[in-house]
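With the hints as extra help, turn the sequences into a complete structure.
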Amino acid sequence: MVLATGLTILSPLGIILYQSFLDGPFFQGSTKLSLSAFRFVLADADFHRAFGSTLIVAVGMTGLAVPLGGLLAFLVVRTDLPGRRWIEPALLIPIFLSPVVIAFGYVVAVGPVGFLTLLFREAFGKAPWNLYSLASVTVIAGLTHIPHVYLYTSSTLRAIGSDLEEAAAVAGAGTAQIAWKVSLPMVRPALLYSGVLVFFLGFELFGLPLILGDPEGMLVLSTYLYKLTNRLGVPSYQLMAVVAVVIMTFAFPLVWLQRRLLGLSGRFVSVRGKGLKRVPLRLGRWRWAALLLVLAWLVATVVTPLAGVFLRAFVTNWGEGVRLREVLTLEHFTELLDYPNLVRGVVNTMVIGVVGGAIAVACYATIALVQHRWQSRWAKVIDYLVMVPRGMPGLVAGLAFFWVFLFVKPIAPLRATPVSLWIAYSVVWLAYGMRLISGALLQVAPELEEAALTVGASRGQVTRHVTLPLIRFGLLGSWLLIFLIFVREYSTGVYLLGPGTEVIGSLIISLWATGAIDIVSALSVINVVLVGLGLAVALRLGVRVHE
Amino acid sequence: MSELSVSNVHKRLGDEEVLKGVSFELSKGQVVALLGPSGSGKTTLLRAIAGLDHPDQGRIQLADRVLFDGMTGTAVPAEQRGLGLVFQSYALWPHRTVLENVEYPLRVRKVPAAELRERSLTVLREIGLEGMTARYPHQLSGGQQQRVALARAIVYKPPLLLLDEPLSNLDAKLREEARVWLRELIERLHISAVCVTHDQVEAMALADRVILLDKGKVEQEGGPQEMYDRPRTLFAAEFMGSNNRLSGKVVETRGEMARIAGMGWTLWGQLRGDRRPDEDATAVIRLERTLIQNADGDNCLPATLEAAVYLGDRWDHLYRAGDLRIRVWTLSAPPPGPHYLRFPPESLWIF
Numbered sequence: 001m002v003l004a005t006g007l008t009i010l011s012p013l014g015i016i017l018y019q020s021f022l023d024g025p026f027f028q029g030s031t032k033l034s035l036s037a038f039r040f041v042l043a044d045a046d047f048h049r050a051f052g053s054t055l056i057v058a059v060g061m062t063g064l065a066v067p068l069g070g071l072l073a074f075l076v077v078r079t080d081l082p083g084r085r086w087i088e089p090a091l092l093i094p095i096f097l098s099p100v101v102i103a104f105g106y107v108v109a110v111g112p113v114g115f116l117t118l119l120f121r122e123a124f125g126k127a128p129w130n131l132y133s134l135a136s137v138t139v140i141a142g143l144t145h146i147p148h149v150y151l152y153t154s155s156t157l158r159a160i161g162s163d164l165e166e167a168a169a170v171a172g173a174g175t176a177q178i179a180w181k182v183s184l185p186m187v188r189p190a191l192l193y194s195g196v197l198v199f200f201l202g203f204e205l206f207g208l209p210l211i212l213g214d215p216e217g218m219l220v221l222s223t224y225l226y227k228l229t230n231r232l233g234v235p236s237y238q239l240m241a242v243v244a245v246v247i248m249t250f251a252f253p254l255v256w257l258q259r260r261l262l263g264l265s266g267r268f269v270s271v272r273g274k275g276l277k278r279v280p281l282r283l284g285r286w287r288w289a290a291l292l293l294v295l296a297w298l299v300a301t302v303v304t305p306l307a308g309v310f311l312r313a314f315v316t317n318w319g320e321g322v323r324l325r326e327v328l329t330l331e332h333f334t335e336l337l338d339y340p341n342l343v344r345g346v347v348n349t350m351v352i353g354v355v356g357g358a359i360a361v362a363c364y365a366t367i368a369l370v371q372h373r374w375q376s377r378w379a380k381v382i383d384y385l386v387m388v389p390r391g392m393p394g395l396v397a398g399l400a401f402f403w404v405f406l407f408v409k410p411i412a413p414l415r416a417t418p419v420s421l422w423i424a425y426s427v428v429w430l431a432y433g434m435r436l437i438s439g440a441l442l443q444v445a446p447e448l449e450e451a452a453l454t455v456g457a458s459r460g461q462v463t464r465h466v467t468l469p470l471i472r473f474g475l476l477g478s479w480l481l482i483f484l485i486f487v488r489e490y491s492t493g494v495y496l497l498g499p500g501t502e503v504i505g506s507l508i509i510s511l512w513a514t515g516a517i518d519i520v521s522a523l524s525v526i527n528v529v530l531v532g533l534g535l536a537v538a539l540r541l542g543v544r545v546h547e
Numbered sequence: 548m549s550e551l552s553v554s555n556v557h558k559r560l561g562d563e564e565v566l567k568g569v570s571f572e573l574s575k576g577q578v579v580a581l582l583g584p585s586g587s588g589k590t591t592l593l594r595a596i597a598g599l600d601h602p603d604q605g606r607i608q609l610a611d612r613v614l615f616d617g618m619t620g621t622a623v624p625a626e627q628r629g630l631g632l633v634f635q636s637y638a639l640w641p642h643r644t645v646l647e648n649v650e651y652p653l654r655v656r657k658v659p660a661a662e663l664r665e666r667s668l669t670v671l672r673e674i675g676l677e678g679m680t681a682r683y684p685h686q687l688s689g690g691q692q693q694r695v696a697l698a699r700a701i702v703y704k705p706p707l708l709l710l711d712e713p714l715s716n717l718d719a720k721l722r723e724e725a726r727v728w729l730r731e732l733i734e735r736l737h738i739s740a741v742c743v744t745h746d747q748v749e750a751m752a753l754a755d756r757v758i759l760l761d762k763g764k765v766e767q768e769g770g771p772q773e774m775y776d777r778p779r780t781l782f783a784a785e786f787m788g789s790n791n792r793l794s795g796k797v798v799e800t801r802g803e804m805a806r807i808a809g810m811g812w813t814l815w816g817q818l819r820g821d822r823r824p825d826e827d828a829t830a831v832i833r834l835e836r837t838l839i840q841n842a843d844g845d846n847c848l849p850a851t852l853e854a855a856v857y858l859g860d861r862w863d864h865l866y867r868a869g870d871l872r873i874r875v876w877t878l879s880a881p882p883p884g885p886h887y888l889r890f891p892p893e894s895l896w897i898f
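Chains A and B supply the protein sequences, listed in that same order.
What the first sequence shows, in the working numbering, is residues 1 to 547, in sequence order.
What the second sequence shows, in the working numbering, is residues 548 to 898, in sequence order.
Heads up, some of the hints might be wrong.
A few chain B residues that face chain A, going by a derived Cβ cut-off under 7 Å, partial list only [stated by the list, open to error]:
1) S636
2) P652
3) V655
Since the hints were derived computationally from the structure, they do not count as laboratory data.
The beta carbon of each residue, even a glycine, is placed where N, CA and C say it ideally should be.
Here you go:
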């Protein structure tokens with residue numbers, strides 16, 4: 001089993017490395033080993049610009065998301081902010097929304113002819129923003145990654161208990177002073193960790209820069225990789241492989257760093273106080289200002305783009321001087337039915353989410369259980385294997401799997417079926433899924449399993465009769481979360497897109513390039529509705545959305 | 548013939564050697580208590596017997612069956628040892644009812660359905676839980692949960708029952724009742740048992756033999772009375788009861804007796820260990836064996852009463868005698884007047 005897992009995980013990595021040292025596509029007989037691809041890419045001016053932009057975006061979004069995410073976590077967990085109960089779940093929405101959908105929503109809302117831009121122009125004569133700029137991509141990426149920071153910081157804040165803050169309050173410190181002097185040092189490891197995480201996600205960013213950067217020719221590493229395909233006319237696999245290698249060169253150390261930091265912050269959390277009763281700190285007259293700030297963020301990151309998407313999906317056209325009442329329509333959705341590939345895309349997305357998600361969770365659970373029971377060195381090996389896909393952004397992993405399916409003849413027929421997508425998705429989200437399952441396994445006290453052993457149950461019986469029944473709710477929750485993730489996924493499917501392997505995410509990307517806005521908006525709405533349904537069920541069942 | 552034989556068991560956990568060569572024997576029908584402070588290795592030893600952890604070396608044998616042997620590499624897995632183990636946390640399966648918890652060991656043994664039900668109900672009746680069979684563990688009190696855990700461990704009639712701090716999760720009042728009940732049950736069912744505890748009262752109440760462990764080694768073993776009355780080391784003396792402890796110097800020895808002196812006091816006591824004149828020594832006496840009297844006498848020190856606390860079944864006094872602070876337990880309040888504390892030489896042990 002270790003072998004199968006290892007092969008599935010390492011083969012895409014191997015093929016990318018191999019391809020990057022060739023001077024042509026690996027399927028051509030005449031290729032030889034060479035460094036020419038590296039030489040070409042590293043000398044390309046566009047590559048340098050893309051690399052620079054990636055750094056700017058990653059640094060900028062980290063600088064924006066970490067302080068705001070930390071502040072948000074403090075406000076929601078620690079203070080008497082009005083409406084905390086419903087703000088909490090709303091905070092998580094951006095995580096499960098597809099970035100392409102969000103980007104598309106922004107284009108419709110605040111793009112050059114977006115409805116907000118038009119309203120603004122009507123009122124003030126001129127809209128002072130330009131959506132198609134590096135700055136906009138950075139700001140939007142920063143705002144949409146606030147929830148990642150929020151999740152880690154809030155769970156740390158929750159785990160610590162408020163007695164330390166109360167002690168400061170008793171000693172006469174004001175709320176601001178407490179936040180600065182007591183709470184902040186406690187969450188510093190969590191902030192540091194989420195900072196590295198967001199920076200890392202900055203390197204992976206694809207949907208946002210693709211849609212918002214394209215009109216002005218702005219590139220980041222991932223979009224540079226994507227555009228390479230049409231650059232030279234011929235399939236320039238070796239160049240793509242080099243860019244993938246460059247991205248991974250930055251991603252792997254960041255993954256490793258995250259792991260180290262998570263270990264550290266975990267240790268920090270485990271020093272938890274006993275009583276976890278929390279008395280919220282009083283914000284006084286700042287209460288409503290704080291609420292306004294949170295609402296402003298929600299409006300900017302969730303309401304605006306979603307409003308854009310929904311509006312655009314139900315109108316025939318949009319532009320200056322168009323009256324809403326005259327253009328309302330449902331025909332974009334009926335139009336979808338005329339294209340078999342679009343219908344297949346919607347069906348595939350749901351099947352991969354529901355069925356694929358279930359099978360993926362079963363696989364993750366199998367690996368996690370084996371690792372959980374085996375206290376051997378193989379457990380360590382799996383532990384490191386699981387890390388590998390984390391260093392491969394979805395776009396790169398999709399490309400790698402595309403090549404694997406080309407390269408390994410016996411599995412080539414699978415390429416045109418959703419199975420190829422499912423394998424790629426499952427591997428890309430392996431680390432996340434494993435963390436969900438091991439989180440559930442951690443809830444099972446070891447002596448419950450040991451008790452079954454001592455009364456004579458075999459290892460298999462322990463798993464079937466004790467472990468699995470005890471984590472069934474955790475498994476159900478993992479299934480829901482994986483469903484959300486799979487439905488939202490877009491970048492992994494880009495290179496695997498073909499007849500039979502359409503999914504909503506990758507269809508949006510390819511249709512966007514052709515300018516089929518009507519269809520893109522309809523697909524986006526379907527995607528959002530699917531995610532919304534999944535999220536509603538998850539929250540309803542009380543699934544902890546935090547990993 | 549001994550039922551369980553543990554010999555020279557060693558175990559390392561990380562950098563620390565938790566067990567440094569522990570040996571003991573248990574005869575059929577006997578209850579042995581593994582007593583020791585936390586970190587003494589008692590739980591590690593119990594887990595080694597259960598098969599949940601394997602020692603690094605040594606030998607564990609049950610009747611004529613070798614469960615573990617470091618020399619030959621034998622290590623019977625826990626599920627094949629057939630022992631009963633009651634966990635400190637009880638470890639009842641929360642997704643199964645009381646009856647299902649108790650039935651499970653028979654179920655994995657493929658006992659026919661009718662017999663299985665019958666045997667489980669018998670055991671539940673024996674421990675006084677016949678009305679609770681359909682409940683889930685979280686619907687039971689701590690004491691009831693403990694009984695279910697016990698029922699689950701004895702329903703398949705294991706040759707040996709292992710108990711890990713069986714009473715520590717009960718509150719004080721319940722613990723005393725449970726102690727007597729458990730002892731009575733063990734005797735009625737003729738079970739051989741090994742019981743781990745850090746509480747010397749519990750050990751003495753439950754066990755025929757107490758094995759005192761400290762830092763991975765057997766410090767002393769013997770019957771409860773022997774352990775309490777004739778501790779061989781300072782550690783054993785201090786661990787087995789509540790004591791006054793006096794530090795001083797040995798000034799003279801006379802056969803088994805020795806005189807120990809400190810700042811402004813000198814007392815005769817029994818020499819335990821091999822202290823010689825002029826060596827630093829510690830004298831230990833149980834609180835209840837220190838006596839209060841109104842007149843001076845042999846081996847007495849004048850003392851002033853600092854505090855007296857009434858505890859219902861006894862009085863607890865705190866005296867000061869020079870630099871010494873001495874506690875004394877008595878059954879009734881002492882008469883007024885000047886007080887002298889007497890340290891009967893046979894009860895004052897010099898280590």
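The hints, checked one at a time:
1. S636: This hint holds: S636 (chain B) lies near chain A, its Cβ roughly 6 Å from the closest one there, short of 7 Å.
2. P652: Holds, about 4 Å.
3. V655: Check passed: Cβ of V655 (chain B) comes within 5 Å of chain A, closer than 7 Å.
Hint violations for this structure: none, all hints satisfied.
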